Every structure is written in structure tokens, then in C-alpha cells.
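From first to last, the protein sequence lines are chains X and A. Counting from 1, position 57 in the first sequence corresponds to residue 57 in my numbering; the numbering is continuous, with no gaps. Counting from 1, position 85 in the second sequence corresponds to residue 85 in my numbering; the numbering is continuous, with no gaps.
Simulated from the structure, these hints should not be mistaken for laboratory data. The reader is advised that the hints may include incorrect statements.
Claimed, not checked - For lysine-lysine, the following DSS-like pairs were computed, each having C-alpha atoms within a straight-line distance of at most 30 Å:
| hint | chain 1 | residue 1 | chain 2 | residue 2 |
| --- | --- | --- | --- | --- |
| 1 | X | 152 | X | 261 |
| 2 | X | 241 | A | 128 |
| 3 | A | 128 | X | 320 |
| 4 | X | 261 | A | 103 |
Predicted, not measured: the structure shown is a model, and the values here were computed from it.
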Amino acid sequence: MTFGERLKFPFKGLVLLTAGVVLAACGETKNRETIALFTKNQTNPYFQTVRVAAQAAAKESNVDIINYIPTSNDSIPEQMNQIEDAITKRPSAVVFIPVDSKAMIPGVEKFNAAGIPVVNLIDRADGGQFVSFVGCDDYAVAMNTARYLFEKMNGKGNVIIIEGQGGSSNNQKRMAGFRKALEDFPNVKVLASQTGNFQRAMALQVTENLLQAHSQIDGILAANDAMALGVIQALDAANRKALVIGLNGTKEAIDAVKAGKLLATGDCDGFLQGCMGTMAAVRHLRNLPVPPEVVFPITVFDSTNYQGADAPYEQRMCPKWESIVKD
Amino acid sequence: MKYRLIGVALIVLALGLSSDAFATPSNLLNVLRQASLIFLSASGLTLVIVGAGLDLSVGANLGLSACFAAAAIKATGALSSGFAAGLACGIIVGLLNGLMVTKLRLPPFIATYGMLWMLYGVNYWYMKGDTIYGFPSSFRALGSGDLLDIPIPVYLMVIGLLAGGVFTRYTTLGHEVYAIGANAEAARLSGIPVSSRLILLYTLSGAMAGLAGVIYLARLNSAEAGIGTPLLLPAIAAVLIGGTSLFGGSGGLAGTMIGAIILTLVLNGMNLLGINSNWQPLVTGVIILFAALIDSVTRRHAELGA
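Start from the sequences and build out the full structure, keeping to the hints where you can.
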């Protein structure tokens, strides 16, 4: 997207806004079904992918999406407020990514009490009632990607781990996955495990520091792609080499895989999840069967299989429900 | 000033004794590189605080400037356009802050807090969750390269420090800033054009945030809407740990550099020693309080002795 293209958007927005006001004033808006989509933040491209996919699925099924996104990244109180806002507007269904799998349980219970059906997307909530869980297992993604790295290291060498935000359940699952993979590779030694708070700049700074302390680092495991890319900047600047893995499969990470900078990024496709989460909600509204769990296979993107994942997501289409969910 | 150095000296001594990797030239330069980025984002802010103002929008401004700079470089291929876009964004935001505080008489906290959210909003809309990445190595060198074995951001810090020192010590304008910070009403009665001076300070703070945004972009090789969010509190902390009073009228850039170095040393030390991530926030808090305590105790001691 060019500078100019980016700037054109407010005018489109204004036109839409005006059109919306006019339509609403005439009272001619049809009573379409609405789906409230809760994502975790505005800044992580992963959730933008999910939103674009949900929009694509909604368009195909003739429903409207209302986005709820905390302005402070992953803010628990803000998502809680947004749940209350959403309940007053009574959407037909909710597709919900909790900012925290434990802390948001009371929020889910509010939807349950209000009788609004909820599909749990991507990050599994630890409680509350859901129509279905659509997503994949963070623990397994982290474990498989770490295993892939250790195999590429021939099962031996020194690694460092750049952790995510302390206390976040996402980070706990990913660290547990890394640890599980380490158990199978006794000759892989962890030199350091330090937090980068899921932030690129901090991961860069922490890696710079760790490079000072450890002269031989063979592999670096980062708990998300943004941090893995920060790690790569630190390695490049210091003229050091190590195999780096990230998690999430963002487009930037895939490009780094293509350029040979990043060994691999583990993911279950954000676009597919956005599609399937929305479709699950629509199917529930139309009394079509939805299994209690739709768990996707994990992909570790490396130099052999990134093709296709680097396409702009605006051009992608949602798959048919039946092609993914087989009875 | 000199009392703050005692805190730094103690931290350096402790780390030097406990980690072999700490007291090496390459690690000390590494610390200076990291500190210089905090310093840049906090330098204009220091002068605003000396003038008894506050700029909470530095982090958000830095983030937006970095994103605009990134988009400009991608669009034109010219690195100069990145500097122009980043600085222009920073300056305009700073100018608006100054106008809000002086012409609309909004309290600095509220004016710049409102600005912070507006800038996040503009940035979220503009970036739409995207990341702009991949810049030429000649540009990246500004953030991560060396010149004569010294990191390039460190030169910027030294230039900022010298320019700021000359400004505050040897120019009438600089003296006026301290006078305004100490007592704005008295400054106005003695003929200092307070409003225009404050506008200048906020604009300067914005400009430095814009410049810091471009340097961060060069360092990270990528820009995303959230890039500046975690940088606000460290910038304010560097200013205050450096001894600039939130009430205005005292302090300066040398102190802010010390503050930035203290903050950087804490993380560097924890990483080198391999402190468990769960304990890091606690350790950070204790060391910052410890540094401030040494400062206040030694200063009181010196004042009593004098």
C-alpha cells in the first residue's frame, strides 16, 4: 500500500458514514444479523488478518460484523467494558478472542447470562459456555516449532529464549511448549531465558545484551514473530549468526523466512481461523450443526512451504466450511 | 548532578563484580547505544518539564513519526523524505501541544494526554494493523551502525547534550526557560514572553520525539502503530531520575542522560546475570528507588555539611 493509497481512506470513510446516517435516518436498514467480533488489539497484524477474514466470511453469509478492539493493547478492563457495551446492543452472536484466558471468564458468563451465543476463537478461554472453540493449540504450536529448530541444530547446541509478557496465559502456554520440546533434546542447552514482553524493541535490546554475555549462541526461540524480527536486527547489527524461530506466521515473518533471515515461524493460519470462527457463529444462528471444537492443524512455515502464505490477505477467500470440518 | 553519578557508579561496580561480560568495551558501548535512544526521546521533554510543563505525547508522537517516516521512505525511496516526514510530524504535534497549553490554557497533563490518544487513533487508522518493514542498510546504520567504533546514536546523544548545555547555560532563551519553570507569573511580569517560549519548548519536544522516531525506525527496521507506546514512561522516568523536578525550574539534560543510563543498566545487568523474568519488574523498581535514595541522602548530607 502506498502513501497515497493510505491517505485516500478517510474520504471513503466519510462517504460511508454519510451513507450510513442517511440510511439510518430513512429507517430503511434491514434487520440483518450482526456478529460482534472481539479481537485483542489494533497493532498486531495477526488480528488484522482475523478481522479481514471475518469480514470476508460475513459478506458471503450476509451478516454484519461489529468490531470490538481495546485501544490499549490486550487490556482486560477495556475488553470487559466492551462486553457490557456489546450486550446492550444485543448482537445475534459473538465471536470472542479473550485478551486473557482466565481473567475474561466473567465476561463470557455475562454473554451466557444475556443468552447471546458465543464462539470462542483462537485463544481458548478457561471457562464460560461456548457454542464452539475454533482455533489451535498455542502449546502445540510452540512445541512443534521448537522441535523443528532443535532438529535443524542436529539436536545439540546453545539456545536462548526470548519470552513474552510475564503473567499472560499466552506466554505461559508457549513457554510450556518450548520446555516440552527441550525435554526431548537433552543436548540442547538453554543459556538464558529472558522476557521481551512480546515487544520488538525490547526483544532487540535484550538480545543485544545477551549477545554480550554469550559468545556461542546457535539458536534463538522467540515467543512471537515481532520479537523474532527484533532478534534478527540485533544479530545483524552485531554480525552474529544463529537460527531464529518465531510464532504467529505474520507476513513480515514469512518474508524474513523467504529472505533466509528467519528459520521458521509456527502458526495456525489467522485468516482461516477468522473465517471459520465467523462461519461457526453464522451456522449456529441458522441451526446448522457446529462441532464443539474445530482445531486446526499446525504449520511450521520454513523455506520449503511459505509459498501462498505471503499473499496479501485482502485477496484471499474463505474456504467452504465442509472442506475443513468433516463429519 | 554529581550525586546521581554515585548511583551509576555503584550499579556499575556491582555489575562489574558480578558479571564478566559487563565491564567490556563492547558491552559498555552497547549500554550507551541503548541509553541514547531513551535520551533522544526524553531530551525535549526535559526542557518542557524544566519549564514546569509536561508532554505525555512523546511516545505516541514518536510512534506516529516513525510510521510516517517509514511510509515516506517506502513511497519515495529517499531517506531524506523519511527524516522530513518524521520531523514534520513531530514538530506539528509539538506545536499543537504548545498552542493547546498556551492559547487554550489547557493544563499540560490534559492537553498532551488528549494528544496521546488522538495520535494513537490516527496511527491505528493509518496503519490498520499493518507493519511497514525492510529498509536499506544505509538507513539502518543510523540506529544500529558504528562510526569509528562508536554507535551512531551515541553521537546524536552527545550532540544533543552539548547543544542543550549551551542552550540552557549560555543563552538568554535558556535562562528564561528556568525562570518560567520556577515562577511563570514572575517571569511574565519581568517581561519574558512566556507563551511563545512555552510553544517553542513543546515544539522542540515534538521535534525530538520525531527525530527519535526516525532513529527507532532505523534501529528496528520496521514500524508498527504500537511502537511508541512502551517508550513514554521510561522517557519521563529518565528525566525525573535525572533530577529534573516535575515542578519546573531545575534540572537539565545531563541529568536525563544519567537517568537514561541508569534505566538501561538495570535491564542490561538483569540480562547478563540471567535474572528470572518474573523477578525483573521487582528488581527494576528496587534499583530505581535505590538510585533515587542515594541521590537524596547524599544531597541532604552535602547541604547540611555546607
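Checked hints:
Distance check on the hinted pair: residue 152 of chain X and residue 261 of chain X sit about 15 Å apart at the alpha-carbon level, within 30 Å; holds. Of the supplied pair hints, the one linking residue 241 of chain X and residue 128 of chain A is violated, its CA atoms being roughly 33 Å apart against a limit of 30 Å. At roughly 27 Å between alpha-carbon atoms, residue 128 of chain A and residue 320 of chain X fall within 30 Å of each other, so this suggested pair holds. Pair hint residue 261 of chain X plus residue 103 of chain A does not hold up; C-alpha atoms about 51 Å apart against a cutoff of 30 Å.
The structure shown violates the earlier hints numbered 2, 4.
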